[in-house]
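Trainee: Listed in order, the protein sequences are those of chains S and P. The opening position of the first sequence corresponds to residue 1 in the working numbering, with each subsequent residue numbered one higher. The opening position of the second sequence corresponds to residue 530 in the working numbering, with each subsequent residue numbered one higher.
Please note that the accuracy of each hint is not assured.
To list a few chain S residues with every Cβ distance to chain P over 10 Å, as calculated [stated by the list, open to error]:
| no. | residue |
| --- | --- |
| 1 | 12 |
| 2 | 21 |
| 3 | 88 |
| 4 | 90 |
| 5 | 120 |
| 6 | 147 |
| 7 | 151 |
| 8 | 153 |
| 9 | 204 |
| 10 | 290 |
| 11 | 301 |
| 12 | 339 |
| 13 | 377 |
| 14 | 395 |
| 15 | 494 |
| 16 | 524 |
Just some of the chain P residues that point at chain S, by a computed CB distance under 8 Å [claimed, not checked]:
| no. | residue |
| --- | --- |
| 17 | 532 |
| 18 | 537 |
| 19 | 723 |
| 20 | 726 |
| 21 | 727 |
| 22 | 730 |
| 23 | 731 |
| 24 | 735 |
| 25 | 738 |
| 26 | 743 |
| 27 | 825 |
| 28 | 826 |
Heads up, simulated DSBU-like pairs for lysine-lysine below, C-alpha to C-alpha not over 30 Å straight-line [claimed, not checked]:
| no. | chain 1 | residue 1 | chain 2 | residue 2 |
| --- | --- | --- | --- | --- |
| 29 | S | 195 | S | 400 |
| 30 | P | 609 | S | 122 |
| 31 | S | 400 | S | 352 |
| 32 | S | 111 | P | 750 |
| 33 | S | 195 | S | 252 |
| 34 | S | 232 | S | 174 |
| 35 | S | 122 | S | 293 |
| 36 | S | 174 | P | 575 |
| 37 | S | 352 | S | 392 |
| 38 | S | 86 | P | 750 |
| 39 | S | 174 | S | 203 |
| 40 | S | 34 | S | 253 |
Don't read these hints as lab results, they were simulated from the structure. Where a beta carbon is used, it is the ideal one built from N, C-alpha and C, also for glycine.
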Amino acid sequence: MSLLEVQDLAVSFVTRNGTNTAVDGISFGVELGKITAIIGESGSGKSVACYSLLGLVPMPPGRIDGGRALFEGRDLLQLGESELRKIRGRDIAMIFQDPMTCLNPYMTIGKQLMEPLLYHHKVTGEVARARALELLEEVGIRDPESTIDNFPHQFSGGMRQRVMIAMALINEPKLLIADEPTTALDVTIQAQILKLIAELQHKRDIGVIFISHDLAVVADIADQIVVMKQGKIVETGNREGIFHNAQHPYTKKLLAAIPTDSKQARPGTVEPLIRVQNLCTWFEQGKGKEPVKAVNNVSFDINRGEVLGLVGESGSGKSTIGRSILRLVHVTSGQVMFDGTDVTALHGGELKHMRRRMQMIFQDPFASLNPRMTVYDTLAEPLLLHGIEDRKSVAQGVLKLMDDVGLARAFVRKYPHEFSGGQRQRIAIGRALATRPEFIVADEPVSALDVTIQAQILDLMQQLGREYGLTMLFVSHDLAVVRHLADRILVLYKGEVVEQGTGTELFESPQQAYTQRLLQSIPGRSLHA
Amino acid sequence: MWRFISLRLLQAIPVILVVITVTFFLVRIAPGGPFDSEKAVTREVKAALETQYKLNLPLFQQYTAYLGDLAHGDLGPSFKYPGRSVNELIAAGFPVTAELGFYALLVALCIGGLAGIIAALRPNTAQDYVPMSLAMIGICMPSFLLGPLLVLIFGIHLDWLPVSGWGDIPGDKILPAITLGAGYAAYIARLGRAGMLEVLSQDYIRTARAKGLPEWQVVLKHSLRGGLIPVVAFLGPAFAGLLAGSFVVETIFQIPGLGRFYVQAAFNRDYTMILGTTVFLSVLIVLFNLLSDILAAWMNPRLRAQFGNN
């Protein structure tokens, strides 16, 4: 018998604008000792389905319309709040996406860790603390004795996720629900956390529901895969079946969205548009402290029409390089030559003129768009500011941009919050293109997006790059994405370039240990083999 | 931490100097003087008095002399109460006002804090609307209206509580404390509600629920600290405001506190008393603001760590 058997689960949200069906009659099971992955894009109902099992969907506005969820023979959906509370955190535990916000910043991790144990099992503080230390050790926190009384902000993102996992496992639950546990993390950290979850699951022989938008992430660990779209399950199968014999077109689309190929090297002019020489960008830490050397003595060229990929983990200085070229941060020393002019020496009007030729696309398309400006205003502003269009022709210019980035003209009067993440990133790309730049810095432009949307945006960027004859610096922590788009790739580690080459060169014969580690971290490697 | 405190205290010095200077010259511009009263005194007596209190000196010299005395902690003699110094008068009145302010703050914190938390637990329901509407009324109703109203109901109509005095009859401190605290309770309720709502929508609250903790533990252990930080930051200015604003309540309930001295001093043109009380209160305001800032920062581990480093 399955550990958890969900049958015809239906959940909806009742709002002023009508009833919204989030989960539309889904059925799936989780076996003891197996990992079931639920895959779908944002809004597919995958998280709501799992939260509703534990009564974690706020009601109202949420409402369970029907179905059964048998956990060890008991229907979770029929249990009262106090019954459910006994199961939560004891028999079924959860870990969440963003370890930065999921731990209470006002409590030490030790207290938070011990809480489920103290509450559910009424053990003494000493026993709980000893157990917490054991678990911290088990999830790979170094020196737990001295870190257990630290607050969450004293840990890195990966370490916090380890703490979350320890907290979930402290009561030895039979089922673990992991909701996008690695989405907010770097690839290398993601690989470590995935490995850890798989190991702990195997060791304890528990059931796991692993929720993700990315099929590649679960490729190495899932036993059973459930693919959801718009509240319904479109396909269920074991790993082999889904990856090698997918039936449903949506599953095939998800698989196609995993970038696997290297861009073909493009013969062309070898005339550098950008020449970065001995670039150093250091951040002062206050008196008497060593400055943070975010970028340290980096030199490279970007040829006209080339896409240069910049890869590294958080803190490797990859974003700072992009910002230094655009003069968005103060450059400590070195030169950035753009078309023969040293950008670092420009001031005032010259700088403004130069910025028109260089634009930037940011990671979070929601934060980087002004929520109080319509798409029209957002796109018209740079056109007018840089004198590209006048008042009469600006409307035409805006509509042309909308066409170019693939947004319907009818959306022109809408505000950013009315768009999805992918559409918002299209707006941001449109805004960057408005000044007819020659050079674009794209800083993790797809890492906040679902995989299917990622593929669309990458295609769009590639197509626009050709159309506009753009030179591009593409910054990302994801080697697979960079490989798909870039002509050449620079691997960055702690502010310095450790290796460079074409995608094929790096993937087939990485020279440096760090590059090899990055490659091994790419989820779903087994697929390419 | 010490760096932060000493920096803030240094910043306060020019503020207090400006307060002294403006008050000093403002009261002098006001028509009349301390010895102009219905009972006319002879010119000689008045001249003798003015010499005694250094009023015969040029204004600027009086100002520098006052600053000199102040540097030694001497607020000067009272003009209205011969033979008593301003220091003595403040020392007599302040404990009463401070006690009243403390009780009022306690009332404000208990009623306001509770109302804010209760409202935040079920936003946009009756449980939210009722306390918040009461809070709105509390903000709108001035203490000179609320005080007599409470006196009418609880003092005269129901005859439960004494209506005046301070520490003479048991229970005579209750009505003044409520009257003074009511307005602040309303502010605290609104701040508390906003803070709690913010915290309750955080991801870590979902984590706490996923652990299976009962709702009261989620609220008390996981939400209260973060949610009440804005309230704590407000306490300093609130207490200072209670001290400076207790005049109306002290008058209604016949309480011998500093507030009444303060206003009477203004009517009497008791220059040193006005100045002394103003300086004293502005120092307190600075100190309490600093204190609540430190407390609020200390409640946030991230800021506490920064303090520790300095």
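Trainee: Determine which of the earlier numbered hints do not hold for this structure and return their numbers in increasing order.
Mentor: 3, 4, 5, 7, 8, 17, 18, 19, 20, 21, 22, 27, 28, 29, 30, 35 and 36
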